[in-house]
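Asker: Spelled out, the chains give:
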Amino acid sequence: MAFTRHPLLRHLFLASLWRRPLATALTLLAMTLGVALGLAVQLIHATALDEFGRGLRLLGGEADLQVVGARAGFDDDWYLWLAQRPEVAVASPLLEIEARLPGQDRTLRIIGLDLFRVGAITPALLPRVDRTDDADPARTDAPHPNRDPDATASSDQAAAPPRTVATDGPDRLAVLRPDALFLSPTAARQITPAPGATIAVQVGLSERHLRYAGSVPGAGVGTALAVMDIGAAQQTFERIGRLTRVDLRLAPGITREAAQALLNAELPAGLRALTPADAASEALGLSRAYRVNLTMLAAIALVTGGFLVFSAQWLSVVRRRQEFALLRALGLDRRFLWRALLAEGATLGLIGGLLGVVLAYLMTALAFRVLGGDLGPGFFRGLAPPLRFEPFLTLLYLGLGICAGIIGAWFPAREAARMCPARALRAGDEAESYRAHPRWRLTSATLLLAAGLCVLPPVQGIPVFGYLAVALLLLGAVLALPGMTGVAMRLLGNGHGLIPRLARARLAAAPGQAVIAGAGVVASVALAVSMVIMVASFRDSLDAWLGTMLPADLYLRASAATASGALDEDAVARVSALPDVVGVRPVRFETVRLDRLPEPVELIARPVSTTSGLPLVAGRITASSRPADPTVATTLTSRSALPPAWISEALADRGELGLGDRLDLPLGEALHGFRIDGIWRDYARQQGAIVIELDDFRAITQDRLTNDLGLFLADGADPEAVMQTVRDTLGERVSEMIRPEALRGMILEVFDRTFLVTYLMQAVAVMIGLFGIGTTFAALATSRRKEFGILRHLGLERRQIGALLATEAALTAGVGVLVGLAAGGAIGIILIEVVNRQSFHWSMDIQIPTGVLAVFALTLIILAALAARLSGREAMRQDAVLAVREDW
Amino acid sequence: MLVFTLLFWTGVAAEDFAPVLEGRVLSFPQDTGAHPDHRIEWWYVTGWLTDTSGAERGFQVTFFRVATGIGADNPSRFAPRQLLIAHAAIADPAIGRLLHDARLERALEPLAGAAVARTQAWIRDWDLVLKGPPDGDEGYRTRIAADSFALDLTLTPTIPTVLNGRAGFSQKTPQLTHASYYYSRPQLAVSGQIRVRDRDLEVTGRAWLDHEWSSEIMPDDAQGWDWIGINLHDGGALMAFQMRRDDGTALWSAGTLTDPSGSTQALAPEEVRFRARRHWQSPRTGATYPVSWELDLDGRILRLEPLMDDQELDARPSTGILYWEGAVTLFDEEQEIGRGYLEMTGYGQHARF
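These protein sequences, in sequence, are chains V and H. Quick note: the numbering used here has the first sequence finishing at residue 888, numbered continuously throughout. Quick note: the numbering used here has the second sequence finishing at residue 1353, numbered continuously throughout.
Derived from the structure by calculation, the hints contain no laboratory data. Do not take every clue at face value.
Looking from chain V toward chain H, a few residues come up when the C-beta cut is under 10 Å (computed) [said to hold, decoys possible]: (1) D77; (2) V90; (3) P93; (4) L95; (5) L115; (6) P178.
Only some residues are given here: those of chain V computed to face chain H with a beta carbon under 8 Å [unchecked claim]: (7) A72; (8) D76; (9) W78; (10) L80; (11) Q84; (12) D114; (13) L173; (14) L176; (15) R177; (16) L327.
All values derive from a computational prediction rather than experimental measurement. Using N, Cα and C, we set each Cβ at its ideal position, and we do this for glycine too.
Isolated chain V (complex conformation) (with noise of 0.2 Å):
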C-alpha cells in the first residue's frame, strides 16, 4: 500500500515519536513489560502443561480407561475382576509410590508394574536390564518382521510379552529380581547412582535397598520415575494386596463411554474409571484459576500500556493540533490524517510488543532455570521442561501489543481527524479538546452492571463475571471523574488565596483535563489500593490460620504425606514418651473420591474435639458419638449418630454441601456416613479437604500409621534439645522435624515472594499515572504560554505559576487518588469476596491498611504536584512578553 510509503508518513508522523523521547520510551515500557508478562506467563504455561500432559500420556500410554482410588490404593482383587470383565480385552496392574530416600530431600516415584502386561498400554514404562556381560553378541535385539516396536494399537501385539525380557542378557530374569530398580534417564541424572549400585528407600521408618539393575529408556527426558515389578514393590513398601491405578484396553467393539458406564456401576465406592482426558482434567483443572489469575494480572499491565498510548497519543494530537490543521488545510486528507496516527500508536506496540517478545523469552527461561516449570503454588512440581519457541503464542502477544497501540490512538485520532482546520488553526483552540462533561448516569449504570455481575456464579471454575465487575468498576471510576472533579471543585468553596482559587477555577472550568491526567492516577490507583487491601487481607488471614493449624511446638514427619515415609504406633509411643514431650497430636493424610467431584479430596484424620485447631467459619466442634465399640456404630442409622466431619470451604462450595448434610465417605471400599459439623477454612488444599477425628478413621480402616506428628513440649524445654532427642530416637535419616515458626517463615515468604510480581506490576501502573500527569501538565504548560504571560503581566511572579501548576496538579491527583481509593476498595472487596472466592474457594477477613493507604496517597499527590512543577518549567521560563505576544 502506497500509504505505509509515504515520506511524509515517515517524515512528519512517526518521526514525531523521536521528538518526544520521555513519552515515547515510557510508552514503550509500557508496553513491552505487559507483552512480556503476558507472553511470559503463558510461556511457562504452555510448556509446563505440555510437558505435564506429555508425563500423564507417558504414564497413561494407550490406556482407553484407567481405573484409580484414593492415594493410599485399592485391594488388587478388583484388578483380577477388571482383568475378566468382557468389555476388557487388556488390564495392567500399577502400584505408584512416591518413596522418600532418606538423608536426601528428594523422592523418587516408583512405579510397581506386571512387566508382561505394560508393554500392552504403556511401553515407554518398560524396563531393560543393563546389560553386563557383553560375551553373548547373538543374543542382541534383532528388529523382529512382526514385532514392530511401535505397533502396540491392536489388541493382540497387545498380548505380545515385553521385547525386553527376550532382549537382555543371560540372566532374562533379571527384571523380575525382587530388589531390581530401573531408573529413567532423568532419575538416574537427579540420582547419579553406578550401575548394580544400592538405593536406599524408606518405607515408614525404615530403609530398604534396591539395586540400580537398568533404565527405562522410553521414559524420555524430563520424567523422573523409577520401575520395578509389581510383586516386588507390593512386598518391598509393605503394600501387600494393595493397587493404586489399572489401565486398561478396552475389546474392540465397546466405546470408551459405554465401558465407563458399566465399570462406574459395578465398581466399589470410591473406585473409578476414567478416561485419559478425566485424569488430564483432573491434574489441570486445578492449576486453571491460578494461570486465569496470572494471565489477568499481565493483561492488566497491557491494558495500562494502551492506556498509555492514548494518554501519549492525545497530548501530541492537542500539542500538533495547529500543525495537522495546517497539513490538513495544505490539502492532507482526513483519513491520511486519522491513519497516520493509527500507524503511530501501532509502531509502537510493534516496537513495544518485540521487546515484549524477546524479554518474555528471557525471563522464561530464567524462570525454567529458577523455578522448573512451576509458577509458585506446586502444580507442577518435578518437571524440568526446556524452552521451546511457541509460534502461536508469540505471534498472538505481537499482535495484542499492536492492538493495544492501534486502540490507544484510536480516539486521538479520530479526534485530530475530525477536527475543523480553520478553527483549529486559531491558536487556543486546544481548550476544544479539554472539554468534558459529567456523565452521572453512564457512570451510574456502569457501577450498577459491575454490582449486579458480582453476584453471577463463575463460569467452570473462573470468575468471568467477577473480573468482568472489576473493568466496569475502573470505567466507572474514569466516567466519575469529570463529575468528582466538579463537585469536588464546589465542595472546596472558594478557598484563600489566589493560587488556589485560580487552580479551582481552572479546573471546575475544564474538568477534561482532569480526566485526561487523572484518568492514569485513577486507573493506576484503584488496581493499588485494591492490590493492597487483598494482599494484606490475605496475608494476615493467612498468618492467623497458620497460628490455628499448627498450635504444636514441634512437628514430626517420616516425610511429606504423599510419600513412603510414616510413623508407625511404637515410633509414635516411643517419641510420646521422651522427657519433655507432654502431649502429641498425630495427623493421618489420605485421600478419598466423592461422587459429587471429579478429583480426589483430601481426608485429614486428626483428634479434633481433644485440641483446638480447626479455622471454623460455620459450624461448632462436638465429640464424636461413635461409640467404642465399631461393630455397634454399624448399626446406628439415626442422623445424629453419625461421626462428625468438618469440610473446608472449597468442599463446601464445589460439592455444594452445608452443615447438618451427611457425607458419606468412601474408606476401605465402603461407604460410611458422616456428619457435617463445621466448615473450616484452608488456605492449603484447593480441591477441598476433610477433617474426621482420628479414632473414627482408625475404627474403620484399622489404619494405624501416623503422617505428622504435632509435639507439644513442656514449658522451658528446649526444642531443638527435643530435636536432637528425637533424631537419636527414630534415626536421622528417616524423619524431618520443623518448628511451626520456620514453617510459618516459609509459607509466607513463599506468599510474598508469589505476590512480589504483583507488586511490581502495581509499581509500573502507578509510575505511568504519575508520568500522565507529568506529560498532561507539561503538555498543558506548552499550551497556556500565552495565560501564564498575561497572569504574568497581571503581576503573579514565576515562582507563582509554578505553584498554580502544583496546585493544579495537586487537586486533580487529590480527585483522581480518592476516586481511585474507592474504585480501589471495591476492586479490593471483589477480588477477596468474588474472584478469590469462585476461583480458590477461600474466605479471608478484609483489612484495610489504612495507614499504608494515607501515605501511599499523600505520595502520590505530592509527587503529582512536583511532576508538574518540573513538567511545566519550560513553560515558565518563557518570557511573558514573548509568550503573550505570540500569536498576534
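Fit chain H to the supplied structure of chain V, relying on the hints for placement.
Answerer: Frame of chain V, contents of chain H only:
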C-alpha cells in the same frame, strides 16, 4: 524337548528344585498336571490338520511353565514364582511360512496358571485342558486366538500313553543327571475349527502331545538338538531325538517306537542316527536348517521331508528362542509311512542358551 532351552530363564541353582530320579513311577492322571516343584515343564501339541476342501496344514500349541525361584517369601499375589509361556503356530503351505504368536504371563489365578492333578494350562483365553472320567471320555481341548489365526481343537486319544526312556525317565546326555520325566500321547484324533487369515475352517487330523518336566540345565558341550514325533500310518508312533555337540556330532540320541497295539520299544543311543540331506537358509535370520533328514533306526533307513521349508519360529521377542518347528512326512523309500513334527534348535545361534 524345548525344556532345556528354557533353562536359561532361571538364575538359581538346580538344587532349589525337585530332582529327576530314575525309578519314580509316573501315575496318571495325577502326572498330567503341573509339577511346580520342578524348574521347567511343558505340554506340547503338534499335528496335521485337513480342512473340508482337503487342504493340509500343520499346527503347534505349546504351554511352558517355568519356576523362577523368585518371590518364595513374598506374600504378594503378583510374586513371580511361576511363569507361563505359550507358543502357537499354524503351518500353511499356501502362506509359505508360519503364522505364530506367543504369550507370557506370571501365574496368577484366574488369569494364567498351570493346575496340578490334571492337565490345565492357560494364559487368559488361550488354554490346553485335559478332560476325563468322571467328566466324560478322556480328551484334550485347546483354544488359541491370535490376530492372524485361531484354533479350537478337540484331541481324543486312540492309543494308550507312551512312556519314553526308561518308564518315563528320559536321559538326555551320557550323564544320568541330565534327564527329564517324559511321556507322549501319540495318535490323538483331532476335530475342531481353525481360523486362518479370517477364514473359518472345519478341520480333522492327527496330533501328538508331549509332556515333559525337569530341573536340570543343559550340559556345556550341547549345542542343540533335533527331535521328531511321528504318527505312523499303521497306527503306531515314532519319537526320536539327538543332542548335538558344537561340531554337529551326536552327544546323545534316543527314541521310542510304539506299535499299533501300544506296546513300546525304547531305542538306545546307538540305534538312532540323524543324517542331514538338504539345508534351507532362513531369509529372515540367516540361520541354516537341515530341513530334510535321513533317519537310521538300527539299520532301517527312513527319510523326513518338510511340509514346507520355511517353518522357522522366531520367538526371541518372547522367550528368546529361535527354532524350526514344522510339519514333516516320514518316508520309507518312496512310501509315506507317517506324519508328524520335526523340531530343530541351536542352528541360528552359535551361543548356547
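Asker: Should the interface hint for V/L327 be scored as holding, given a Cβ-Cβ cut-off of 8 Å against chain H?
Answerer: This interface hint is violated because 80 Å lies over the 8 Å limit.
Asker: Hint check: is the beta carbon of V/D114 less than 8 Å from a beta carbon of chain H?
Answerer: Holds, because the Cβ-Cβ distance from V/D114 to chain H comes to roughly 7 Å (cut-off 8 Å).
Asker: Please check whether V/L173 passes as an interface residue: C-beta within 8 Å of a C-beta belonging to chain H.
Answerer: Because about 5 Å separates V/L173 from the closest Cβ in chain H, which is inside the 8 Å limit, the hint holds.
Asker: If you take the shortest Cβ to Cβ gap from V/D77 to chain H, is it below 10 Å?
Answerer: holds (9 Å)
Asker: How about V/D76: closest beta carbon in chain H under 8 Å, or not?
Answerer: holds (6 Å)
Asker: For the restraint on V/W78, tell me whether the closest CB of chain H is nearer than 8 Å.
Answerer: V/W78 check fails; min Cβ-Cβ to chain H is 12 Å, beyond 8 Å.
Asker: At a threshold of 8 Å, is the proposed contact between V/Q84 and chain H supported by beta-carbon distances?
Answerer: holds (7 Å)
Asker: Regarding the hint that V/R177 lies at the interface with chain H, is the smallest CB-CB distance below 8 Å?
Answerer: At 6 Å from the nearest chain H Cβ, V/R177 passes the 8 Å test, so the hint holds.
Asker: Under 8 Å, Cβ to Cβ, is where V/L176 needs to be relative to chain H, so tell me if that hint holds or is violated.
Answerer: Holds, because the Cβ-Cβ distance from V/L176 to chain H comes to roughly 5 Å (cut-off 8 Å).
Asker: At a threshold of 8 Å, is the proposed contact between V/A72 and chain H supported by beta-carbon distances?
Answerer: violated (16 Å)
Asker: Does the nearest C-beta of chain H fall within a distance shorter than 8 Å of the C-beta of V/L80?
Answerer: At 7 Å from the nearest chain H Cβ, V/L80 passes the 8 Å test, so the hint holds.
Asker: Does V/L115 pass the interface hint, meaning its C-beta sits closer than 10 Å to a C-beta of chain H?
Answerer: Holds - the Cβ of V/L115 comes within 10 Å of chain H, reaching about 9 Å at its closest.
Hint compliance for this structure: hints 7, 9, 16 are broken, all remaining hints hold.
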